[in-house]
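Asker: Position chain B with the ligands against the provided structure of chain A, taking the given hints into account.
If you want the building blocks of each chain, they are given just below.
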Amino acid sequence: MAKKGWDEFEIGAMLRTFDGKIDDIAGTQQEDRAYSQSSSYTASVADWRLIKPIFNKDYCIDCQFCWVYCPDVSIISRDKKLIGVDMDHCKGCGICVEVCPTNPKSLLMFPEQADEETEIASWPKKDEEEA
Amino acid sequence: MAFDKMELRDIEVWDGNFAAAQAMRQSQIDVVAAYPITPSTPIVEGYAQFLADGYIEGEFVMVESEHAAMSGCIGAAAAGGRVATATSSQGLALMSETLYQASGMRLPIVLNLVNRALASPLNVNGDHSDMYMVRDSGWIQFDAFCPQEAYDLNLIAFRVAEDHDVRLPAIVNQDGFMTSHTAQGVHTLTDDVAYGFVGEFKPMNDMLDFEHPVTHGVQTEEDWHFEHKARQHNDLMTKVMPKIKEVFADFEKLTGRKYSPVEKYDMDDADVCVVCLGTSVETAREVAKEMRTQGIKAGVIGLRVIRPFPFFEIAEALKNVKAIAALDRSSPNGAAGMLFNEIAGSLYNTQNRALLSGYIYGLGGRDLTKAHLVSLFKELQANVDAGKVTTQLQQFIGVRGPKLAYL
Ligand code: SF4
Ligand code: SF4
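Quick note, the sequences are listed as chains A and B, same order. Counting from 1, one number per residue, gives the positions in the first sequence under UniProt numbering. Counting from 1, one number per residue, gives the positions in the second sequence under UniProt numbering.
Only chain A is shown next, with the shape it has when bound in the complex (with noise of 0.2 Å):
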């Protein structure tokens, strides 16, 4: 968002977050939603992150507990199915990795600088003391 003197915000701690009126926004994906510059969604809290989630789609059941369970909106599904996360808003807090009940976990946490498609290839195996 481009940056504003104090005297040019509305008054009050408040944002418009979309550009006009808003119609069937629980059917509306984010990204086609129209947000105003002014919106969260415009911020990235990516630098708030140590590690981050990895998600390994091989071994996800598509049981949607991660897309519950993120407190950020920042797992991404697309007709029940995961695809992916969305870096820009996920804060690195690790409870979709919690929650994953597959074994192998299917997200696993790495540090922010991990490389994504050496830690698939290298994947941990099936914990057998928790099978």
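What the hints contain is simulated information worked out from the structure, not anything from laboratory work.
Just so you have them, the derived chain A footprint on chain B, three or more residues with Cβ under 8 Å: (1) 99-112; (2) 216-222; (3) 231-244.
Straight-line C-alpha distance at most 30 Å; calculated DSS-like pairs for lysine-lysine: (4) A:Lys4 x B:Lys202; (5) B:Lys322 x B:Lys245; (6) A:Lys3 x B:Lys239; (7) A:Lys21 x B:Lys202; (8) B:Lys243 x A:Lys4; (9) A:Lys3 x B:Lys229; (10) B:Lys239 x A:Lys4.
Keep in mind the model is a prediction, meaning the values are calculated, not measured. Even glycine gets a Cβ: it sits at the ideal position worked out from N, Cα and C.
Answerer: Okay, now just chain B with the ligands, sitting in the frame of chain A:
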């Protein structure tokens, strides 16, 4: 309108709580969310009774605490309604976290604060500890010295707070028990005239406006927090006082009752003066009148508006005074009193550097007697005669045991 009008006599015998409740009724508040606490309980009880009897078309939300009360008020105000509540002391302390949400979100809620001491030790009687506790919370603060003023200032508070250039919540203070439970004759306005003065509520950026969706109470972090707070402070420092004066003037035109951010009594030629708040102002006026018969040119200043602090009006009112006593009814807890500090701040860069001393009095409902004020005025006169403060700068009035004085 779908509610009943109430027939009032020109003068009704009301205590401060009932006067505030009547003003809330006449303002036709949409939502009151409240939790009972002494001595402010009768305000929301009165409102609830008016609602039950069909005099109000609104909602009364019973909640489990004062924190929830103000939270409910904030939600209702953000949703686009006229909102008010009442509290005191510990209730305000519990509510205080949410006061900052209300002011930061620029929601024009009116809070009747019936001033009472803060525990511990537990005490239901009046002092100004609660008023002082939230003085930096971004709320406009008015102070009523009697039931009439509790009535009038409620009507005025809605007008100021809801102005679209202001959009800040407002507290109307009155002294616990002394004002809240003492019945006096109160000049009333008819329902139509009172509502006409307050005006219809015009929501701004309300959440229930689906044509223009907004997010209230957003997270801004270091990016924009400072700018939002700067804007709020700027509006308090520059916009609110002119608006208060404008509404005071309109109220005077309507009722003949004149209010001023700084209420001056016999200040034209005063050499010595007492600055105080609440019911003490009336006592001080009585004593000042008596001091004049003894040759002491005494005056009194009562602060009608505490936030924004009336720096310029105070400096103007005190410009010819030689000795000033700032009376604070709250434990200073390791500092000079609020009035002492802020009056010092108001005068520091002016031509008149009057002799200033601070007095702490009346904690937990301890009386401030006329005898106390007589000796105080005499002390001020002694300071004038000596050309310096002859005592320590901070003294305690009426505390048992050895005299306390500091600084
Ligand atoms: S790490 Fe936390 S914020 Fe990021 S996707 Fe997982 S649950 Fe959401
Ligand atoms: S919780 Fe695990 S298995 Fe379930 S959808 Fe998310 S990644 Fe897939």
